[in-house]
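Working from the sequences, and respecting the hints, build out all of it.
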Amino acid sequence: MNQNSSHNIVRVSDVTKTFQLGKLEVQALKGIDLEISVGNYLSIMGPSGSGKSTLFNMIGGLDKPTTGRVFIDEVDIAQLDAFELAWLRCRKIGYIFQTFNLIQVMTALENVTLPMTFAGVSADDSTQKGLELLKLVGLQDRHQHKPSELSGGQQQRVAVARALANDPAIILADEPTGNLDLTTGEEIINLLKTLSRERQVTIISATHDIKMLNVSDQVVWIRDGRIDKIEDRDELSISIGTIDLKE
Amino acid sequence: MTADSRLSPSPETVNRLVVLPFQKALEIAFKSIQVRFFRSLITTLSLILAVAFLSFVNVGTDVADGMLASGQPQLRQALIQAGYDIGPEDTSVASTAKQRWIVILSLLVCVVGIINAQLMAVTERFREIGTMKCLGALDRFILRLFVLEAGMQGLAGGTVGALLGALFSLVNATVSYGWDAVAHVAWAEVALSTLVSVGVGFLLSLVGVLYPAALAAKMQPVEAMRVEQ
Ligand SMILES: Nc1ncnc2c1ncn2[C@@H]1O[C@H](COP(=O)(O)OP(=O)(O)O)[C@@H](O)[C@H]1O
Ligand SMILES: [Mg+2]
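Taken in order, these protein sequences are the chains called H and L. Residue numbers for the first sequence follow the numbering used here, so the first one is 1 and each next one is one higher. Residue numbers for the second sequence follow the numbering used here, so the first one is 1001 and each next one is one higher.
No lab work stands behind these hints, which were simulated from the structure alone. Keep in mind that the hints are not guaranteed to be accurate.
[Claimed, not checked] If you anchor each label on the Cβ, the simulated ranges turn out as follows: (1) H:N214 to L:Q1023: 40 to 50 Å; (2) L:V1196 to H:A123: 33 to 43 Å; (3) L:F1037 to H:I210: 38 to 48 Å; (4) H:S13 to L:R1226: 22 to 32 Å; (5) L:P1021 to H:H145: 24 to 34 Å; (6) H:N214 to L:Q1034: 41 to 51 Å.
[Stated by the list, open to error] Quick list of in silico lysine to aspartate or glutamate cross-link-like pairs, EDC-like style, CA-CA up to 16 Å: (7) L:K1024 to H:D124; (8) L:K1218 to L:D1139; (9) L:K1218 to H:D63.
Glycine residues also receive a C-beta, built at the ideal position from the N, C-alpha and C atoms.
Written out as structure tokens, the structure reads:
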């Protein structure tokens, strides 16, 4: 933990992304600049179709920008080869998806231990850590259950545990509460918040869920592929009354 | 979070490899077949049929060879009546060209069937494949999983098909030529024919999965993440 306070774990520099739909060009991102410091809980807010998921994929190294650069820990991820990229996805970043994306044929525990297997952790160690993580998200009794035997909220908890498997520096969440009801969504948000506080994980969450605002250190408002404004926590509490009206 | 969490190339790069131990891959592949048993059965069914046919024809030839080798004129006569083209000096029957063509065709049809079934399996598992890639799986892990699954299906389907075909062939010989015919069978030859059929089934299964598995392995993780509306 050295010069971390000034250290940007993620830096997005003038990123654009254009999709080709037949003859039609859709510009999903129109020049995004963003710096995210270690341990922050950052929410990317914006209406549906504003480019949140596209940005999420760029930061997560799941897709390549058309122009511009994405740096993780000051390393340009476009420069990484297939092995380094896989290593980055395995060890540095934990992903959480709107649709949970658990592997249906595996039990909760196997889902959590899979990233550790990829990381070369022994079976015994990964099982032990998997059980600990499931306990952390309150599912220790359900480790033998398949995703189909779990509720949406429980599946998302397993996904959170899986995202933590290799102690990533960053957790990326795309609409983590999008498929959950109000209370379950709130539980997941609180879980993420606790993690960011206790484990110093940087959490980046794309969402249009207003509940996310309360826990965010920073909110990036994105509209039509551009950053509208970036608000810190203290500014937020002032404008929070007007947000409800806006959405 | 010190210098060791940096990504820049360094001597530690060696430690930064993601791995999938063979034992674990085997376990995942086996579970995958188990859980999707019905689906696997359908994929394997055409293989079982084609291998059974191959084994049926080859074991049939073995039986005829045994009858011929016995030197008994009435068995030789029975074979000629059954349509075998045997010269006075021949000590073994050759499978006819027509038979060979039918076997080859059935094997071809089987491979196409497997490719088709495996392509569907890959499509069904897009999200699973993409998720694995997000968790750090390399292309080759995905390839390995699909090839292992196909290998197991090939072995199981090949064994079942080969045994069925051999059994049916022997029953068929007993009915057509009587117990006498089966008494002269060289069992080593029958065993060999059955084994060869298992091997062919195994290979066909691997050939059939190659293209679908390559397709799955090349898939970009982001493609799997799309929320279908
Ligand atoms: N693979 C794609 N091909 C074509 N257009 C896409 C693709 N992905 C996203 N888009 C378009 O990019 C825009 C932003 O999409 P997205 O990032 O998914 O928004 P959000 O997650 O904020 O709802 C939308 O107009 C969408 O239609
Ligand atoms: Mg989205």
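Checking each numbered hint in turn, tell me which of them this model violates, lowest number first.
Nothing - there is no hint that the structure violates, so all of them hold.
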